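Okay, here's what each chain looks like letter by letter:
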Amino acid sequence: MAEEMSLSSLTLLPRLMFYTALAWFLAGGAAGLLMVLFHVTGAAAVPAYYEALTVHGILMTFGGVFQLMAGLSLIRAGFCYGKPIRGLLFLSLYLLLNISLAMLLASALAGVRVTYTLMFPLPAAGAFKGLWSIDMLTLFVWGVVLLLIAIIALYPASLAKILFFGKTKEQLVMERFMGTLSPSGMASMLPFIFVVPPIGAPILATAALIGAALLGVIPLTGISWFLEAVNFNYLFWPWAHNLMEAMGIMAIGTVYWIIPRYTADVEREPRLYSEKLGIFAIIFYTVAAAFAFPHHLFTMSSTQPIGLSYVGQLASWLTGFGAAFSVFNILATGWRYGLKIRPASLAVLLGFSLYVTDGFLAMQLGTIGWNYRLHGTYYVTAHLMTILIAVTLIWIGAVYHHFQLLRGRGDDEKLSYLHIILTTVAGFGLMYVMATMGVGGVPRRAYPIPFAADIQITLLTAFGALLALAQAIFIANLVRGGGVAAR
Amino acid sequence: MWGSSLGALLILLYVTSPFLVVFFLLVFLSVRRGRQAEKLLNTSKKRLAVAEVLWLMLVASIWTAVNVSSLSWIPAGVGDPALAVPAAGEQVLEVEAFMWGYNLSTTTLEAGRPVRVVAWSTDTLHSTGIYSPDGELLVTLMLMPGMREQVLLTLEPGVYTLRCLEFCGDGHAFMSAVFTVAGAGGG
Numbered sequence: 001m002a003e004e005m006s007l008s009s010l011t012l013l014p015r016l017m018f019y020t021a022l023a024w025f026l027a028g029g030a031a032g033l034l035m036v037l038f039h040v041t042g043a044a045a046v047p048a049y050y051e052a053l054t055v056h057g058i059l060m061t062f063g064g065v066f067q068l069m070a071g072l073s074l075i076r077a078g079f080c081y082g083k084p085i086r087g088l089l090f091l092s093l094y095l096l097l098n099i100s101l102a103m104l105l106a107s108a109l110a111g112v113r114v115t116y117t118l119m120f121p122l123p124a125a126g127a128f129k130g131l132w133s134i135d136m137l138t139l140f141v142w143g144v145v146l147l148l149i150a151i152i153a154l155y156p157a158s159l160a161k162i163l164f165f166g167k168t169k170e171q172l173v174m175e176r177f178m179g180t181l182s183p184s185g186m187a188s189m190l191p192f193i194f195v196v197p198p199i200g201a202p203i204l205a206t207a208a209l210i211g212a213a214l215l216g217v218i219p220l221t222g223i224s225w226f227l228e229a230v231n232f233n234y235l236f237w238p239w240a241h242n243l244m245e246a247m248g249i250m251a252i253g254t255v256y257w258i259i260p261r262y263t264a265d266v267e268r269e270p271r272l273y274s275e276k277l278g279i280f281a282i283i284f285y286t287v288a289a290a291f292a293f294p295h296h297l298f299t300m301s302s303t304q305p306i307g308l309s310y311v312g313q314l315a316s317w318l319t320g321f322g323a324a325f326s327v328f329n330i331l332a333t334g335w336r337y338g339l340k341i342r343p344a345s346l347a348v349l350l351g352f353s354l355y356v357t358d359g360f361l362a363m364q365l366g367t368i369g370w371n372y373r374l375h376g377t378y379y380v381t382a383h384l385m386t387i388l389i390a391v392t393l394i395w396i397g398a399v400y401h402h403f404q405l406l407r408g409r410g411d412d413e414k415l416s417y418l419h420i421i422l423t424t425v426a427g428f429g430l431m432y433v434m435a436t437m438g439v440g441g442v443p444r445r446a447y448p449i450p451f452a453a454d455i456q457i458t459l460l461t462a463f464g465a466l467l468a469l470a471q472a473i474f475i476a477n478l479v480r481g482g483g484v485a486a487r
Numbered sequence: 001m002w003g004s005s006l007g008a009l010l011i012l013l014y015v016t017s018p019f020l021v022v023f024f025l026l027v028f029l030s031v032r033r034g035r036q037a038e039k040l041l042n043t044s045k046k047r048l049a050v051a052e053v054l055w056l057m058l059v060a061s062i063w064t065a066v067n068v069s070s071l072s073w074i075p076a077g078v079g080d081p082a083l084a085v086p087a088a089g090e091q092v093l094e095v096e097a098f099m100w101g102y103n104l105s106t107t108t109l110e111a112g113r114p115v116r117v118v119a120w121s122t123d124t125l126h127s128t129g130i131y132s133p134d135g136e137l138l139v140t141l142m143l144m145p146g147m148r149e150q151v152l153l154t155l156e157p158g159v160y161t162l163r164c165l166e167f168c169g170d171g172h173a174f175m176s177a178v179f180t181v182a183g184a185g186g187g
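Going down the list, the sequences are from chains A and B.
Here UniProt numbering is used: the first residue of the first sequence is 1, the next is one more, and so on.
Here UniProt numbering is used: the first residue of the second sequence is 1, the next is one more, and so on.
Simulated from the structure, these hints should not be mistaken for lab results.
None of these values were measured; they are calculated from a predicted model.
Careful: at least some of the hints might be erroneous.
[What the hints assert, rightly or not] In silico lysine to aspartate or glutamate, EDC-like type, Cα no more than 16 Å apart, as pairs:
1) A/Lys129 x B/Asp170
2) A/Lys340 x A/Glu228
3) A/Lys276 x A/Glu170
4) A/Lys129 x B/Asp123
5) B/Lys39 x A/Glu267
6) A/Lys340 x A/Asp265
7) A/Lys340 x A/Asp454
8) A/Lys276 x B/Asp123
9) B/Lys39 x A/Asp265
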């Protein structure tokens, strides 16, 4: 049994998730580059653009960002608690996640149009209007069902298994932490275990019922309540919103985990300025986020209770207050113990700066008065793109932290720094350019763009190309590496 | 001013620019302090605690100021209980959204009289963003099938454009319509 405890076999599944995430990132990124190219040249037929948009949204969000987070968080949890990451549960998570993505990709390539937020009832409306086939709709819906099972059930169960069940194997404890859930990096996993499953269960049941109706197992008329757009969306939005928040909280937890490990005061055990403040921030953030979802429905003021909108605004701003605790904690950690800049810490710090900056933009969109003038414009795209780039950059910091483990050798630090800095510049550049476009009222997800200044399109293209170049450098670094890591 | 979309961008810049300057300055200083062990040993816990309180007070002040101010930024005629009662002399613009276009009950309205925009969707999620003659996005209504959204506007003369701002399929970018608000005497 002892021989089976080799590090590589225990980390096989998370590493597989990491590489698969990279593959989806490449495919989704290529689709994103095509979209930019289409905007610049205006050469594409409209369906080709929207096919690229659908593929880009699905693959980057779930294949790339979610899977990267899942793989890295399993490694972190496994090493903190000394538990092996293997077995049927973890394998099912990996397989179901990627099978579902393949199904969604196939349906997108066959004409189904959605965004990562589904836009229900668009998938059904398109099929009933003959824009795509019922067969493809069925494939799409079952892809969604499997994806939801992976996200809502298998991933939280995997985390819970590591955190709460089984005995610690001392030889697997790579980064020992004090206490049960300390540091707060571990507490950041709790929303995925305790919040995402109960909020997600109704939408999973709804998707399964729709899937069963499409297969003829139950009559469509029997589920008409779920097919009402308003009913479906009231089930969907709390889940979708809290999923994104849980991913954001996981990113904050990664910051709490990485930064203390790159402090200059090597005499002490890695620690935050305040563990209590960290855990408080995560609880505060989680509770506030649970009530923030109504900001997605602000612009339905005459049919939705206005009180719900005020709750949405208040809760959205409270999540920002939660972030303020984290900002202080991280900066105070650096001040108190000194900081060492390495690729891991730099990526996390820059990703965190982007995350917080975007957080303010998100709070603006969570403000009723502004939302009426910005909803559906590039201002929202600025938020979405930035938050995904920010959390990915933070997790890339975790990749650099574990580079030796993932690749069997160290990174080329020059390439790593170049990758991180270019990604950050591109991230901030895209955010501010898109925000400017949003202020001009440019509709998002529109091809061709009805109106926008040439300079905006040029800058969008330039920063998009810079982001792509940065990731090409990252891939080169992964392939070539730089010998034995110096930590 | 601050409640406009341009105001949003300005406040974004006013808040995030100093934040980023201070953030990176503190990171730079923390790296420098890391090379001077004696400074780390002499770090005052009390000063950090004071800084924590000051920082949270600053955030809470900005938080409160923006939220209180924002109550006056909600466009007039939005979410107003008085909306249920017809305004004196109001005219109605009915907007039916579908994949991929709008049917308008009329394309000409009179300036000087309130305009009640009533909009709905017949198939999937759409929206209607109402753009002023100079291209400013005045207000957005999300149109969920089965719901009828309303807003009461007072419009200056000119040509207004409606655009869908929720992705609704391949014709999304082409989903627009115009209506004219004519000045007194039809000018």
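Taking the hints in turn, this is what the structure says about them:
no., hint, result
1, A/Lys129 x B/Asp170, "13 Å, holds"
2, A/Lys340 x A/Glu228, "55 Å, violated"
3, A/Lys276 x A/Glu170, "26 Å, violated"
4, A/Lys129 x B/Asp123, "9 Å, holds"
5, B/Lys39 x A/Glu267, "14 Å, holds"
6, A/Lys340 x A/Asp265, "9 Å, holds"
7, A/Lys340 x A/Asp454, "42 Å, violated"
8, A/Lys276 x B/Asp123, "50 Å, violated"
9, B/Lys39 x A/Asp265, "11 Å, holds"
When each numbered hint is compared with the structure, violations occur for hints 2, 3, 7 and 8.
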